[in-house]
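Protein sequences appear in the order of chains A and B. Numbering that gives the first Met the number 0 numbers the first residue of the first sequence as 0 and each following residue consecutively. Numbering that gives the first Met the number 0 numbers the first residue of the second sequence as 0 and each following residue consecutively.
To be clear, the hints were calculated from the coordinates, so they are not data collected in a lab. Backbone N, C-alpha and C fix where the C-beta goes; we use that ideal spot for every residue, glycine too. Any given hint could turn out to be false.
To be verified - Some, not all, of what chain A presents toward chain B, calculated at C-beta under 7 Å:
1. Met0
2. Phe3
3. Phe14
4. Val132
5. Lys151
6. Ile152
7. Pro154
8. Asn155
As the list claims (entries may be wrong) - List of simulated lysine-lysine pairs, DSSO-like, C-alpha gap at most 27 Å:
9. Lys200(A) x Lys189(A)
10. Lys223(A) x Lys260(A)
11. Lys434(B) x Lys6(A)
12. Lys140(A) x Lys151(A)
13. Lys264(A) x Lys223(A)
14. Lys151(A) x Lys222(A)
15. Lys222(A) x Lys264(A)
16. Lys1(A) x Lys190(B)
17. Lys6(A) x Lys190(B)
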Amino acid sequence: MKLFLLKICAFLVAFSALLMLLYYLFPTRLEADNYLFAYNDKLSRLEQTDTPRVILVGGSNIAFGVSSEMIEDSLHCNVVNMGLHAGLGVRYTLRDYLRFIRPGDIVVFQIEYSAFSSGGEISLDLADGLLAVVGRENIRKYTLPQLCRLAKIIPNRVMKNIPKALLDRNADESSPNDSVYHYRRSGFNKWGDEASHWTLKTPSPGNINVQLGKKRSAPRALKKSFVDWLAAEACAYEAAGAKVIFLPPVVCRSLFPLFYKQGIKECLAVAGRPYIVAPEDMVVDDSCSFDAEYHVNYAGVRQNTQRIIRILRREISDSIPVRS
Amino acid sequence: MLFNSFAFLVFLPVVFLLYWFVFRGRREQNLLIVVASYVFYGWWDWRFLFLIALTSACSYASGLLIAHYEGHRKSQRLVSAANIVFNLSILGVFKYYGFFIDNLRALFALIGWQLDVVTLQIILPVGISFYTFQALSYTIDVYRGQLPATRDIIGFFAYISFFPQLVAGPIERATNLLPQFQTARRFDYAKAADGCRQALWGFVKKILIADPCGQLVNAYWGQGTLYGVSIIMLWVLFAFQIYCDFSGYSDIAIGCARLFGFDLMRNFSTPYFSRSIPEFWRRWHISLTTWFRDYIYFPLGGSRCSRGKTIRNIFIVWCVSGLWHGADWTFVCWGLYHAVLLLAYNLLGIQTKHAHIVAHGRLLPSLKEIFHMLCTFMLAVIGWCIFRAESMGQVVDIFSALFHNPFIDMSFVYGSPQFACCLVLLAVEWWRREKRHALETMTPWPILNWTLYAVLVFFAMAFGASSVDSDFIYFQF
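Using the sequences plus the hints, can you model the full thing?
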């Protein structure tokens, strides 16, 4: 028995050590224009933008659904669009943004509905990609579930990285390039809005969105622990002097029943963080959908932004100090 | 809980350590197995635990009653029949109620009646067909006097719910597994090490072959985009998917059981190297095939009766086998298809009994053997097409598309990496065909063996990351 356990343990230790060594020697390298690198740009803007400011926090529904310039012009305050990718997991990103929050900030949490069932953890395929962007020293910011996900993806990355590094050292990884749109860092404008898709024609409006959405909207239970965590995080933002608002994400009409989990609104209300508008009020017409479930085209961006402006003006007009 | 999940990765070592280090007595170990098995099953849906408990309790009680009425054959028959009917009723309600009602309604609609019957959305409890058959095996064996009724209730509950084979077999016989719960177990290094190797091979088959093939099959099946040769390629991929998925599960189950000192029966024995359909069924899902043989086919008279009765027996067994797999006409038709094939072999008097595996003691098979293997494989593949189809209408559509122009359609070249993996599997299985599993008794050089294990673990993990927690096909049965 002892020999058996000893051999198994020795094998596991040696195997893990070798794997870690290979992962260290052959890291994932992303090309400079990779979509994920926009994360650093957004952090820099968050750090450098003066108050008063409105900070939009969430996944790609904000990146693809807002014109910050329109909000700035209407509300006369700086806007920072931190939206990038829901798969980065708000449990990592919200914690990371907190260090740049200042008194007087107005932080709008516009979290994708999927996070309420996934628990807001980093997705498997981005657990490693994010480190390539923020630097490996930031691995200490990973929570245990995030580290588990990273550990799970490491063999896969090593398998891909070694041949890539040996065969073509210059072949850094670009972002996904689907039939509709090429996700890239340079697609963002100075506010952090994904603006390059504004001029693109939406192919078969609504159809791609609905098809993709139906595949992705697997029925999963709402995680109340995530709502509690989110409410606690909002408290931390408030402790840093910010005002926090919870706004439902923009989503097209056909997909709303698929993605909105019954009980999210009620759970947030019970946690003392209610949505300031009903989730149904943030729905846009199917003709406004772009290439993925939460992405809208320029018509959708204008409609959604005007709605956000109206809501912010109504809700926080007294809190927004006019920019000098 | 799935074998290929993170939860199981934690669960198994914890149970293993508790089993050998904390619960050292036989009864304590059996109790631990019952608790662990109920946790394992309850992880999926705890509400159905009562069903396993009910099945176990009734079968246990029926065994005691049969023993109690020793010498009173009529009473014994009544008790065993009552238990069989009870267990089959549970199976019927949970698995066949919807199917029965739908067909009844359709039948009445044909004569213009609208039947107003209550329809229920009943969830099919995972593995119900497996553990029900295992429970029936006990009752029948006790009734036949092949096994004494057990008074060890914990051992019996452990026998029914033993977690490695609870949800997808092998369907164990009480005569094989139950006595193992009634004897003290000692840790056997060779057995445990071999169990690890067999489980590893099961994971490799599931993750490196079944899941990638499944992704392709699911993407193309029934889409109407493939024609001619491409369709046959898709069938072949499904044949490998279902083989690697199910035999992979069996290997993991048998391997895990060996870690705890148990020997489960072999469930697969390189079935795609069979030279005839009867041989294929002696090598595929052996635990189910022998179950039907021993508890249905032989009691009906088997082949030792008139030709007419033999034909009847074959059709009954395969009709039931089809229904066992699922409540759908496609499964029934699949069963009947195999009944027709077996009957053809029987009526034509083709020699199907072979003393050894193909090319025994030789490196390569003869041309005749290759021809026989290819024919058998293609017949099995056609059967898998019926098995996989969502309806008989889809079977007709797929077969029509088979003869649609262009027959040689290259749109399916995406399948090539999967085909390469299947060919590697075939080569490995051919090389190791006389072993119980591909990783049994490796080379005499430990360093080489460990390196091979490390490579397999690496690839299983690397590919496993992208096929997160994918189900096993046979869970639905």
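Tell me if the interface restraint on Phe14(A) is satisfied: Cβ within less than 7 Å of some Cβ in chain B. holds (5 Å)
Take the C-alpha atoms of Lys223(A) and Lys260(A), compute the straight-line distance between them, and say whether it is at most 27 Å. holds (12 Å)
Does the alpha-carbon distance linking Lys434(B) and Lys6(A) stay inside the 27 Å limit? Judged against 27 Å, a Cα distance of about 24 Å means the pair holds.
Using Cβ atoms only, decide whether Pro154(A) comes closer than 7 Å to chain B, and label the hint accordingly. Pro154(A) check passes; min Cβ-Cβ to chain B is 4 Å, inside 7 Å.
Need the status of pair Lys140(A), Lys151(A): alpha-carbon distance at most 27 Å? holds (17 Å)
Does Lys222(A) pair with Lys264(A) here, judged by a C-alpha cut-off of 27 Å? holds (13 Å)
Would the hint on Phe3(A) be counted as holding, given a Cβ-Cβ threshold of 7 Å to chain B? holds (5 Å)
Under 7 Å, Cβ to Cβ, is where Val132(A) needs to be relative to chain B, so tell me if that hint holds or is violated. violated (20 Å)
Is the interface hint for Asn155(A) satisfied, with its Cβ closer than 7 Å to some Cβ of chain B? holds (4 Å)
Against the 27 Å threshold, does the CA-CA distance of Lys200(A) and Lys189(A) hold or violate the hint? holds (22 Å)
Go through the hint on Met0(A) and say holds or violated, using the shortest Cβ distance to chain B against 7 Å. holds (5 Å)
Is the hint on Ile152(A) kept, meaning its closest Cβ partner in chain B is under 7 Å away? holds (5 Å)
In the structure shown, a violation is registered for the earlier hint numbered 4 alone.
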